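Put together the whole structure using the sequences plus the hints.
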Amino acid sequence: MEQEITIKVDGTGHRLTVDTRTTLLDALRERLGITSPKKGCDHGQCGACTILLAGRRINSCLALAVAFEDEEIVTAEGLAEDGGLHPMHRSFIEHDAFQCGYCTPGQIVSAVGMLEEASSGWPSSVTADLDADEIVLADEEIRERMSGNLCRCAAYVNIVSAISETAGGEARR
Amino acid sequence: MKPYRYQRARDIPGAISALAEEPNATFLAGGTNLVDLLKLGVMEPEVLVDVRRLTSDSVEELPDGGVRIGAAVTNSNLAADRTIRSRYPVLSEALLSGASGQLRNLATTGGNLLQHTRCVYWQDTTTPCNKREPGSGCSALEGHNKNHAILGASEHCVATHPSDMAVAMTALDAFVVVQGRNGEHRIPIEELHRLPGDEPWRDTTLEHGELITAVDLPLLDLAANSKYRKVRERASYAFALVSVAAALDVGEDGTVRDVRLALGGVAHKPWRATKAEEALRGEPINKANLRAAADIELEDAELLRDNAFKVPLARNVIVRTLLDLAEGR
Ligand SMILES: Cc1cc2nc3c(=O)[nH]c(=O)nc-3n(C[C@H](O)[C@H](O)[C@H](O)COP(=O)(O)OP(=O)(O)OC[C@H]3O[C@@H](n4cnc5c(N)ncnc54)[C@H](O)[C@@H]3O)c2cc1C
Ligand code: SF4
Ligand code: FES
Ligand code: FES
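Going line by line, the protein sequences match chains A and B. Quick note: the first sequence uses numbering that gives the first Met the number 0, first residue 0, plus one each step. Quick note: the second sequence uses numbering that gives the first Met the number 0, first residue 0, plus one each step.
Among the clues, some could well be false.
One-sided excerpt, in silico: chain B residues whose CB lies under 7 Å from chain A [what the hints assert, rightly or not]:
hint, residue
1, Met0
2, Arg4
3, Tyr5
4, Ala8
5, Gly30
6, Thr31
7, Val34
8, Asp49
9, Arg84
10, Ser91
11, Ser99
12, Gln101
13, Leu102
14, Ser235
15, Tyr236
Note that these hints are calculated values from the structure, not bench results. Predicted model, so just to flag it, every value in this text is computed and none were measured. Virtual Cβ for every residue (Gly too), placed ideally from N, Cα, C.
In structure tokens form, the structure reads like this:
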């Protein structure tokens with residue numbers, strides 16, 4: 000069954016008719032040609048499809064397009080406001096935080112969403128003091144908070160250092 | 000995937016009557032479980048009624064000192080809520096131990112409670128399963144059953160309930176607020192999920208079309224000293240093999256004044272360990288007493304080929320978690 004919807008991706012509104020079964024991931028990739036969100040597992044198990052929805056990271060493979068009309072969606076392509084690189088993009092390049100690159104857009108979007116969560120004071124399951132006002136993003140925290148993003152090339156060590164540097168940079172600013 | 004109609008209900012009565020009119024309709028919240036099951040062909044509804052934005056998405060303190068959690072509150076927002084973190088830490092910890100950051104951002108309180116078992120045979124439409132296809136048999140009985148139940152199972156189904164959040168809520172004596180065609184009622188969370196018995200296709204006591212609108216946590220002082228411990232096959236982003244939610248109040252004299260204990264990963268529902276609780280009340284808190292209490296709870300365990308490890312694991316996790324609470328760790 001088809002339905003007409005409007006979705007806003009990386010600042011641009013799109014009007015399209017989709018089958019009610021279409022996920023956001025498929026709508027972005029197959030209908031709008033926005034291919035930075037990747038299809039790894041299609042079951043919420045790998046994080047390759049991560050996008051920001053109203054500023055929060057989610058798996059676009061488990062989100063039905065018809066259910067998320069009119070909400071602001073940001074992909075890895077849309078992270079940088081001026082069309083250049085986002086600091087997280089740059090840090091991934093500088094730290095060589097990928098090999099094949101398939102998981103990378105999802106990692107980068109997830110990392111940006113994760114930093115926002117940490118700066119809102121959200122604890123994680125490795126945060127020692129659940130009541131803490133401020134989260135210190137030690138490597139252990141980064142690893143736990145990024146556990147929803149798998150990397151088959153196992154570039155994890157450099158992914159953690161890329162994120163760690165961006166986090167530190169933001170804290171200094 | 001079978002085609003379905005998607006509709007967004009305008010209000011709660013609208014959602015309830017939409018399901019009343021359509022026997023093969025189902026509610027959709029965050030979709031992190033349901034959409035997966037649609038893809039797998041395990042669930043084949045004709046209509047999806049989206050309730051994600053219908054119920055309350057806030058956590059409110061109640062006049063009697065308790066807390067009401069709207070069914071639409073996301074798992075992330077609930078875990079981060081200041082009141083929950085300080086007064087019911089076991090609930091924050093349980094939520095944070097589940098799924099991933101991305102999933103918790105979409106998953107809702109109502110959907111988490113009603114998420115379906117992760118039994119691999121249930122998820123695989125090519126294998127017999129009494130829960131999916133009544134009377135077809137249970138593939139797990141003779142199959143790979145490492146993840147399956149040790150308590151309260153039946154010869155018809157040995158599946159476990161996967162939610163971490165629900166285990167914590169069970170330890171906290173939560174009530175589930177439900178709306179149906181005949182109005183609203185509150186049920187103790189222990190009466191929400193069922194044991195499989197000879198009707199394993201019925202996961203809960205809810206009628207078709209009943210909507211969870213909120214979860215109430217009663218005022219419970221000892222919950223400030225509470226903890227969730229989960230054992231799984233990797234450090235993060237995995238379901239529990241066994242988990243323990245506990246709250247403890249120890250008197251000046253070192254005896255247990257009050258205790259709440261619930262287990263995850265062991266049964267078709269979050270398992271309230273009432274026998275162990277009774278055995279502990281009034282007793283000195285020490286390893287021997289804790290072990291004895293755990294053994295009383297696990298005495299009725301029925302083991303399958305691959306899951307005998309859950310008995311010593313559950314016992315050890317109960318002992319360690321309560322000792323940590325007693326020692327203020
Ligand atoms: C890879 C992966 C790992 C996971 N790991 C964990 C884990 O470690 N621990 C854990 O606890 N969970 C885990 N989960 C499960 C996750 O917590 C659930 O998918 C989520 O909580 C479901 O919430 P939802 O809002 O997305 O529900 P939905 O998928 O929208 O719905 C789930 C069910 O609840 C029903 N429903 C939803 N809302 C209501 C309501 N208000 N009233 C009545 N019925 C309703 C729906 O009809 C459906 O049957 C994992 C999931 C995935 C995909
Ligand atoms: S344990 Fe239950 S859900 Fe799993 S195959 Fe058996 S009947 Fe089906
Ligand atoms: S493709 Fe969405 S989580 Fe793997
Ligand atoms: S870089 Fe290849 S999967 Fe991560």
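| message | Are any of the numbered hints broken by this structure? If so, which, sorted upward? | response | 4
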